[in-house]
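Chemist: Full structure from sequences and hints, please.
Position one of the sequence shown corresponds to residue 7 (our numbering), numbered consecutively onward.
No lab work stands behind these hints: they were computed from the structure.
Treat the hints loosely; a few may be bogus.
[To be verified] Derived BS3-like pairs (lysine-lysine); straight-line CA-CA distance at most 25 Å:
#: 1; residue 1: K127; residue 2: K395
#: 2; residue 1: K460; residue 2: K484
#: 3; residue 1: K395; residue 2: K146
#: 4; residue 1: K448; residue 2: K460
#: 5; residue 1: K447; residue 2: K461
#: 6; residue 1: K464; residue 2: K448
#: 7; residue 1: K148; residue 2: K127
#: 8; residue 1: K148; residue 2: K395
#: 9; residue 1: K484; residue 2: K464
#: 10; residue 1: K484; residue 2: K210
#: 11; residue 1: K210; residue 2: K127
#: 12; residue 1: K50; residue 2: K464
#: 13; residue 1: K42; residue 2: K484
#: 14; residue 1: K42; residue 2: K447
#: 15; residue 1: K146; residue 2: K448
#: 16; residue 1: K460; residue 2: K447
#: 17; residue 1: K148; residue 2: K448
#: 18; residue 1: K50; residue 2: K448
#: 19; residue 1: K460; residue 2: K50
#: 20; residue 1: K464; residue 2: K447
#: 21; residue 1: K448; residue 2: K127
#: 22; residue 1: K146; residue 2: K127
#: 23; residue 1: K484; residue 2: K461
#: 24; residue 1: K461; residue 2: K42
[To be verified] Pairwise CB distance ranges, derived in the manner of DEER restraints:
#: 25; residue 1: P217; residue 2: K464; range: 25 to 35 Å
#: 26; residue 1: A229; residue 2: G32; range: 35 to 45 Å
#: 27; residue 1: V467; residue 2: T236; range: 51 to 61 Å
Every residue, glycine too, gets a C-beta built ideally from N, C-alpha and C.
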Amino acid sequence: MELFTNAMNGLNDILWSMPLVFLCLGAGLWFSIRMKFPQVRLFKEMVHLLVHGEKSDTGITPFQAFAATVGSRVGMGNIASVATAIFFGGPGAVFWMWVIAFIGASSAFMESALAQAYKTKTGNGEYLGGPAYFIERALKCKPYAVLFAIATVLGPGILMPGLHVNSIASTYEEAFGANMIVVGAIFCVVLGLVVCGGIKRIGKIAEYMAPIMCVVYVIMAFAVIGSHITAVPGVLKLIVTSAFGIHPIFGAVIGSAISWGVKRGIYSNEAGQGSGAIVSAAAECSHPAKQGLVQAFSVYIDTLIVCTASALIILLSGCYNTVGPDGATMLTEGIPGVEYGIRWAQNALSVSLGTWAGKLLAIVIIMFVFTSLMGYYYQAEANVRYLFKGNRPAVLAMRGIFLFSCFSGVLVNGQIIWTMGDTGVAMMAWLNIVAILLLSKKGFALLRDYEEQKKAGKDPVFHPGQFDIEDTDGVWDKYQNL
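Modeler: Structure follows, in structure tokens:
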């Protein structure tokens, strides 16, 4: 076990080196500049598309895809990732999470629009797509596509699920004294019943669950803010000043603030990772840019709202205190280590609002983790279908492996599963960001075509032939006469 732990730590250190941090920031900034910051210009359009999305008889609706990706993005990472980012990088890490969300929204647009443009149709009328598909069809590089598909099966399918189940089991142990193994077993059984229904069942459940969990959690955050309202300006100032090393205590950890902010930001919102693009491809809409804009909006929900809520809960509660001039040591009200990030947030809520709040968080965590893992499973299944040409036994085997990976989270220590999760994210991010950079001209053209049609007073329709895309499956046939 020690050999495995050392190997995972070494691989994670290589993948999550500063080049990846700068690649994520640089790519998002480049896309933002070239598209004239659609995350700001087209914000109203994002909301309009989300509210007035199309219906679908074969795939899933744009809102269901949005809910599924929000469910995947808004999960345990929004609580534990924020806690660990603050633990290692100080409050300034939160600022860099905001930055990667803002510029990462353009990355989310790019990958999701490309996934829509190059999606395929299965025999039962469902849509499949994502980086593996557009890498093969657009870049004409099958080995690269296969490598991404394998990375996705390893990441969301094997390395990342255990972390989420560990978080829910430890939360219930803290709140109710429940046995972690029993909680994990019950959770995995229920999860198995859902994922066996495929993307349509996942989309329908996420459509209802994702909004509820976000609203409840944000209300809890507002309650904490209300009870510490006079401290809010000071906390926001602390986040900004420590992000740039202006605050004297955090001057020595500015590099950690940037690194951990970007790392945990991507873990949380998945912008540039490629996972959101996989779910986006399953949606039915008349133009790829529509789903790209909807997915860009989901990044805002994840980081600027839910992650900020987590940061304020922790920083306003008084559970975070620096000790020593270098700011490297933190007091966490008796929480012994970083693997207990969820418990730290739980403790912060209990300190601010009472023990009932920690118990309510345990219930909300169920929804957070459940929706995250539904998204993870679909990402893994879509890439198993790509690798094995839809082979039914391979899909069934993936379900069994995925559920076992989930349950393994209650059998191993929290530190190693954080490392496994980070490794899974990094593998996908490296491969996906390079791919969408290479295909960025196509993504820019998709947005330009969408905006030109909107200016002409049309409901934009995608004509793949205009982009040298061969639609062999007839994915876009129904829109060609509109």
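Chemist: State for each hint whether it applies.
Modeler: Hint-by-hint comparison with the structure:
For the given pair, K127 sits about 12 Å from K395 by alpha-carbon distance, which is consistent with the 25 Å threshold. The straight-line distance between the Cα atoms of K460 and K484 is roughly 20 Å, inside the 25 Å bound, and the hint therefore holds. Taking the CA atoms of K395 and K146, the gap is about 18 Å. The hint holds against a cut of 25 Å. Pair hint K448 plus K460 holds up; C-alpha atoms about 19 Å apart against a cutoff of 25 Å.
The suggested pairing of K447 with K461 holds, with an alpha-carbon distance near 21 Å, which does not exceed 25 Å. Restraint check for K464 and K448: the C-alpha separation of about 21 Å stays at or below 25 Å, so the hint holds. For a cut-off of 25 Å, the pair hint linking K148 to K127 stands: about 19 Å separates their Cα positions. Restraint check for K148 and K395: the C-alpha separation of about 14 Å stays at or below 25 Å, so the hint holds.
Restraint check for K484 and K464: satisfied, since their Cα atoms lie roughly 16 Å apart, inside the 25 Å limit. Restraint check: the Cα-Cα separation between K484 and K210 comes to about 24 Å, which is no more than 25 Å; the hinted pair holds. Pair hint K210 plus K127 holds up; C-alpha atoms about 20 Å apart against a cutoff of 25 Å. Among the hinted pairs, K50 with K464 is consistent with the structure: their alpha-carbon atoms are about 17 Å apart, no more than 25 Å.
Between K42 and K484 the CA atoms are separated by roughly 31 Å; this puts the pair beyond 25 Å, and the hint is violated. Restraint check for K42 and K447: satisfied, since their Cα atoms lie roughly 14 Å apart, inside the 25 Å limit. The hinted pair formed by K146 and K448 meets the criterion: a straight-line CA distance of about 14 Å does not exceed 25 Å. A threshold of 25 Å between alpha carbons decides the hint, and for K460 with K447 the separation of about 20 Å falls inside it, so the pair holds.
For the suggested pair K148 and K448, the alpha carbons sit about 19 Å apart, so the restraint of at most 25 Å is met. Among the hinted pairs, K50 with K448 is consistent with the structure: their alpha-carbon atoms are about 24 Å apart, no more than 25 Å. With a C-alpha separation of about 13 Å, the suggested pairing of K460 with K50 holds against the 25 Å cut-off. This hinted pair checks out: K464 and K447 have alpha carbons roughly 23 Å apart, not beyond 25 Å.
For the hint linking K448 to K127, the alpha-carbon distance of about 21 Å falls within 25 Å, and the restraint holds. This hinted pair checks out: K146 and K127 have alpha carbons roughly 19 Å apart, not beyond 25 Å. The hinted pair formed by K484 and K461 meets the criterion: a straight-line CA distance of about 23 Å does not exceed 25 Å. Restraint check for K461 and K42: satisfied, since their Cα atoms lie roughly 16 Å apart, inside the 25 Å limit.
Taking 25 to 35 Å as the suggested C-beta distance range, the pair P217 and K464 conforms, at roughly 31 Å. The hinted window of 35 to 45 Å between A229 and G32 holds, with their beta carbons roughly 39 Å apart. The supplied range of 51 to 61 Å is met by V467 and T236, whose beta-carbon atoms lie about 53 Å from each other.
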